[in-house]
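Given these sequences and hints, build the entire structure.
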Amino acid sequence: MARDDKPEAEGRVFKIVGTRPIRPDGIDKVTGRARFGADMSAPGMLVGLVLRSPHAHARIRGIGTARAEALTGVKAVITRADFALDSGDIDDDDLRDILHNVMAHDKALYDGHAVAAVAAVSAPVARRALALIEVDYEVLPHVIDVDEAMKPDAPVLHQGRSDETVPAGMSANVMHRFEFGHGDVEAGFAEADVVIERSFRTAATHQGYIEPHACLASMGPDGQADLWCCTQGHYMVRNTCAGLLGLDASQLKVTASEIGGGFGGKTTVFLEPVALALARKSGRPVKMVMSRDEVLRASGPTSSTSIDVKIGMKRDGAITAGWAELRYQGGAFPGSPVQFGAMSCFAAYDLKNVQAIGWDVVANRPKQAAYRAPGAPMGAYAVESVVDELCEKLGLDRLEVRLKNASRDGTKAAYGPRFGRIGLTATLEAAKAHPHYTAPLGPNQGRGVACGFWFNFGGDTCVTLNVNADGTVGLSEGNPDIGGSRAAMTMMAAEELGIPYERVRTTIADTSALGQNEVTDGSRVTFAVGLATIKAARAAITVMCARAAKIWGIDEDAVVWEDGHAKPAGPNAGQFPPMSLAEIAALYANTGGPIAGHHEVTAEGAGVSFATHLVDAEVDPETGAVTILRYTVFQDAGKAVHPAYVEGQFQGGAVQGIGWALNEEYIYGADGRLQNPGFLDYRIPVASDLPMIDTVIIEVANPGHPYGVRGVGETSIVPPLAAVANAVSAAAGVRLTQLPMSPPKVLAAIDAARG
Amino acid sequence: MVRVAIWGSLRAATGGRAEVEVEAGNLRELLDRLAEAHPGIRPQIDRGVSVVIDGLVYNDSWFTPVRPDSEVVLLPRIVGG
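Heads up: the protein sequence lines correspond to chains A and B, in order. Residue numbers for the first sequence follow the numbering used here, so the first one is 1 and each next one is one higher. Residue numbers for the second sequence follow the numbering used here, so the first one is 756 and each next one is one higher.
Please note that a few of the clues may not be correct.
[Claimed, not checked] Quick list of simulated restraints, FRET-style, between CB atoms:
(1) A:Arg408 with B:Glu776: 45 to 55 Å
(2) B:Pro820 with A:Leu441: 52 to 62 Å
(3) A:Glu164 with B:Pro820: 24 to 34 Å
(4) A:Gly553 with B:Glu776: 50 to 60 Å
(5) B:Ala773 with A:Lys15: 40 to 50 Å
These aren't lab readings, by the way, just hints derived from the structure by calculation. Positions of the beta carbon are idealized from the N, C-alpha and C atoms, including for glycine.
Written as structure tokens, this is what we have:
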């Protein structure tokens, strides 16, 4: 669809979409009936535990398992040798890295890296068995910091993994170089009245999902296997585990549990292949549940970063050039999200001259996993901080400057393409008109503004909609419900069919029930699964119209569907009373058999999304402590299917961003070990730390979706790092350039500014 | 011929050109012709790319039509969290 096509949804009056029905999973979750990853059990189940490296970097000279295997109650001990495929057998770099991350081979690459696992009749026996496994380590020098890891003499994690984009002579820890942009940045800087260049650093943070990783695996002697787990994508789990264990995909059925948060961190596997390998070796079901310590040490936090930004501006606020160099460490394997940081950091601006360079670097930390708009919040933080400082220096209004330079429909984005219909200026105008923007501030208080962007994504999607004999509808989709997808799909199916919300039930099907479904990521589900749901409903409607046509003895083309009824298309089609969905469904056996609609698609055409955030903060000049006083999110949702869920996504992104900005960080000791692997020392914001997060939903329809939907789950975490930093800098009277802005850092910056 | 915009760090494979032309009627042909004409791009195509055609992002759909006047931009593969 060309970008100037009129959205199908334009002018449509919705009956269900846009309302706020009760969520279908609500009762189960508040009563404890909902089953999460650790709630599954099976007869004869064993407990699986993982032995993890205490070293940040060490060669594994040998692993002795005999004493552990001899312990009464131990049913299996595995090491890397127990995986059917070794890295040499795997042709896919990503899959090989996943295997190496799931179970170390020749080297342990970070504190917490799995080196062996046991399955035993109880947790105490399993723990005793872990203590009996003898690992002969040769401790190697390690590197934690991204800038240190790029130095030519840094300890090297992998030799020969740098790709063709990395210039000769750089550290072998540099994996890839990205560059985006257009125009001539030096010419642009020459045109500027003011140029500001700053360096920024952000700490690695964890998604902080409340539910730890958990799974239950079972495998029979015939090789048929079942896996229950909490994940953002059980098809991904099936495909990955089948690849790592040498199983046919058809032999492994994966069922997703309810999920207590993922935010990108559950888009890969950690325990699942280990549990399957233990189940295969022991012949018994094996359950594994990570402790919080394991989650923080050995699942996938996001990158820590080091970023330089240079921006030129004229006195009237016109930006003449933008340049950024971003360095992200992605843990012990290639694949940090630096390309997305480099692509997105200037996306909010219509720039003639722009260049962003990204470096993907490895360090002795856990392999990063996606975290909501992976890579984008850090880049936006750096760019939006410098834009803010330029506004301050030139005495310009921060929203007016953003409006003056804002990307609009048809703007050539800094990362290459021209934008189609976008809602950035609508979010900025809404912020400008909102009372929050002009509300008075008190002493030691400051207001921050920042914009953010995310691409959004579509992907493989498969939906089946069955019309039951009683006129109710069962919808099966293949994406774990993280952000309200059952409610949203139910609403879109009911809207399209013209029946009440309560007559549709949406179920997350297992991997044997539907074709391939992409992971719940990229803010894709309401867009892509919604699109497939609408089309599956339309397919069922076609069948029901055909059944009515048969009953009436008229052509199928002479029947239309309106308000949940088949009707003759007009007077020439004949005079027949409309037949409701329930009436047609009741006659299914007489008219051709069960009624269903399907849709299978690799959904393309996801619309990008922009947001503007406003935040007020107060800084205690004596302690450096920051209080968030007021926060308002303005974001383009395309079309908000269930506005309460959309608001929840806006609020959740803002809150996680506040935590990232103020408190959260991975702290390593000189020995390369994580010092704060628990929620007491790794501090995510709790309700008492926060004001109510206010939200304003902007709706600029996405032409690529029948209802105009854009993904909303990720954009909301992009602006808060910068918005909070700008507010804190204004309140403290000094520009803060490192995250988190914890009290000691804020106090040090204030003291340094005072001289 | 379809004009394809190439991102900065990939331009080493196109002799520094920010835009190249290929004869293609759909996405699959576009990627095949690109890799044939500029073999240095193939490693990145194998690692994964997204292609923006007239403002919309496509990852996999080989038979997405590409017109001679389409605006086509090659990007690293877009995923999410």
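Structure-based check of each hint:
Restraint check, Arg408 of chain A to Glu776 of chain B: a C-beta distance of roughly 28 Å breaks the suggested window 45 to 55 Å. A beta carbon spacing of about 54 Å between Pro820 of chain B and Leu441 of chain A agrees with the range 52 to 62 Å that was offered as a hint. About 31 Å separates the C-beta atoms of Glu164 of chain A and Pro820 of chain B, a value consistent with the hinted range of 24 to 34 Å. Take Gly553 of chain A and Glu776 of chain B: their Cβ atoms lie about 58 Å apart, and the range 50 to 60 Å holds.
Checking the proposed 40 to 50 Å range against Ala773 of chain B and Lys15 of chain A shows it holds: the Cβ atoms sit about 49 Å from each other.
Of the numbered hints listed earlier, the single one contradicted by the structure is hint 1.
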